[in-house]
Amino acid sequence: MGKQKGQRGSFITEKKEGEKYKIEDTGHDSKAFVPLQIDVGNSVEVVQVDGGLITGLPEGSFICDNLVYTIKDNYKNLNITWIIELKGTKNEKEAKHTIEQILQSIQYMQDQISYPQAAKYVTNRDFVFAAVAGASDKTLPVLNNDDLKTLCRKLVALSKGRKEIKDMFQLFCYIRPNKRYKKAEIQGNKAPYDICCYSNRDGYIPYPSMLLELLR
Numbered sequence: 211m212g213k214q215k216g217q218r219g220s221f222i223t224e225k226k227e228g229e230k231y232k233i234e235d236t237g238h239d240s241k242a243f244v245p246l247q248i249d250v251g252n253s254v255e256v257v258q259v260d261g262g263l264i265t266g267l268p269e270g271s272f273i274c275d276n277l278v279y280t281i282k283d284n285y286k287n288l289n290i291t292w293i294i295e296l297k298g299t300k301n302e303k304e305a306k307h308t309i310e311q312i313l314q315s316i317q318y319m320q321d322q323i324s325y326p327q328a329a330k331y332v333t334n335r336d337f338v339f340a341a342v343a344g345a346s347d348k349t350l351p352v353l354n355n356d357d358l359k360t361l362c363r364k365l366v367a368l369s370k371g372r373k374e375i376k377d378m379f380q381l382f383c384y385i386r387p388n389k390r391y392k393k394a395e396i397q398g399n400k401a402p403y404d405i406c407c408y409s410n411r412d413g414y415i416p417y418p419s420m421l422l423e424l425l426r
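Under the numbering used here, the first residue of the sequence shown is numbered 211, with each subsequent residue one higher.
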């Protein structure tokens, strides 16, 4: 079933410029997290996808955990959606399911009959990004780029600003929380990149500016 009237407060959190928010997986005992700080001029929705926006799935179906959705951007005037799967695991087989989960989530969000309120999150967006996030100080397995191709092609197709995308893998990144990082930063010689961060004073990921840096 789709999102029901009155459920908004239970799975959607609104954040405005300057506010911080730590995306965590409280329902599946994962230690993965994504610390965000909303940029000047922006307001967003942080949406619980699994069990919130998308419910009533058959047993054995797995979808992504969260997404971040730009409600308003008075600075760059860009509409951005960031789909996030929390994977606090070193297990490569478990991590490989990430791509399938994100693709499945997009498919459900595009199902306007079953989930009419979900369509806005992947419709008419300038950029749609995706990420897999690890647990603090844990090794997050690197996904095979061949496996990522299908997902990244889909993200490009959903992005109106596709002409600005030099490499489709720029739309996907790994989130690697680590207490050694005093400030969030991008690492890697080529896409897909790592965003190293932590839930300390300056370790929060500036949204959406850090995602836009991935496209440079």
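Treat the hints loosely; a few may be bogus.
Restricting the straight-line Cα-Cα distance to at most 25 Å, the calculated cross-link-like pairs of lysine to any residue (SDA-like) are [to be verified]:
| id | residue 1 | residue 2 |
| --- | --- | --- |
| 1 | K392 | K376 |
| 2 | K348 | Q397 |
| 3 | K359 | S271 |
| 4 | K400 | K330 |
| 5 | K359 | R411 |
| 6 | K393 | F221 |
| 7 | K370 | R335 |
| 8 | K286 | K389 |
| 9 | K241 | R335 |
| 10 | K225 | S271 |
| 11 | K226 | T360 |
| 12 | K330 | Y279 |
| 13 | K232 | K389 |
| 14 | K359 | D336 |
| 15 | K359 | K282 |
| 16 | K241 | K370 |
| 17 | K226 | K359 |
| 18 | K230 | K400 |
| 19 | K241 | A329 |
| 20 | K286 | N334 |
| 21 | K225 | K400 |
| 22 | K241 | I396 |
| 23 | K230 | D347 |
| 24 | K376 | D347 |
| 25 | K330 | L313 |
| 26 | K225 | I396 |
| 27 | K389 | K376 |
| 28 | K241 | K376 |
| 29 | K393 | S271 |
| 30 | K393 | K373 |
| 31 | K225 | R335 |
| 32 | K373 | Y279 |
| 33 | K282 | I222 |
What follows is a set of in silico ranges between Cβ atoms, one per label pair, in the way DEER data are often shown [stated by the list, open to error]:
| id | residue 1 | residue 2 | range |
| --- | --- | --- | --- |
| 34 | N284 | K370 | 33 to 41 Å |
| 35 | R411 | Q320 | 23 to 31 Å |
| 36 | R426 | K370 | 24 to 32 Å |
Treat the hints as calculated values from the structure; they're not laboratory data.
Just so it is clear, CB atoms sit at the ideal spot from N, CA and C, and this is done for glycine as well.
Checklist entry - Under the criterion that the straight-line Cα-Cα distance not exceed 25 Å, is the pair K373, Y279 satisfied? => result holds, 21 Å
Next on the checklist: Check whether the Cα positions of K241 and K370 lie no farther apart than 25 Å.
Outcome noted: Distance of about 34 Å is beyond 25 Å: violated.
Checklist entry - Is the hinted range of 24 to 32 Å satisfied by the C-beta distance from R426 to K370? => result With Cβ atoms ~19 Å apart, the hint is violated.
Item to check | K286 paired with N334 [C-alpha distance capped at 25 Å] | outcome: Holds. K286 to N334 sits at ~16 Å (cutoff 25 Å).
Next on the checklist: Checking one constraint from the list: CA of K393 to CA of S271, max 25 Å. Satisfied?
Outcome noted: Violated, at roughly 36 Å.
Next on the checklist: Against the 25 Å threshold, does the CA-CA distance of K232 and K389 hold or violate the hint?
Outcome noted: Given that 25 Å is the threshold and the Cα spacing comes to 14 Å, the pair holds.
Next on the checklist: Would the hint linking K225 and S271 be met if the CA-CA limit is 25 Å?
Outcome noted: Between K225 and S271 the Cα gap is close to 30 Å, so the pair fails against 25 Å, i.e. violated.
Checklist entry - Does the structure keep K359 and S271 at a Cα separation of 25 Å or less? => result holds, 22 Å
Checklist entry - Can the restraint linking K359 and R411 be considered satisfied, given a maximum Cα separation of 25 Å? => result violated, 35 Å
Checklist entry - Does K376 lie within 25 Å of K389 when you go C-alpha to C-alpha? => result violated, 32 Å
Next on the checklist: Need the status of pair K225, R335: alpha-carbon distance at most 25 Å?
Outcome noted: holds, 19 Å
Item to check | Proposed proximity, D347 with K230 (alpha carbon, max 25 Å) | outcome: Measuring from Cα to Cα gives roughly 21 Å; hence the hint holds.
Hints 1, 4, 5, 6, 8, 9, 10, 11, 15, 16, 17, 18, 19, 21, 24, 27, 28, 29, 30, 34, 35, 36 from the list above are not met by this structure, while the remaining hints are.
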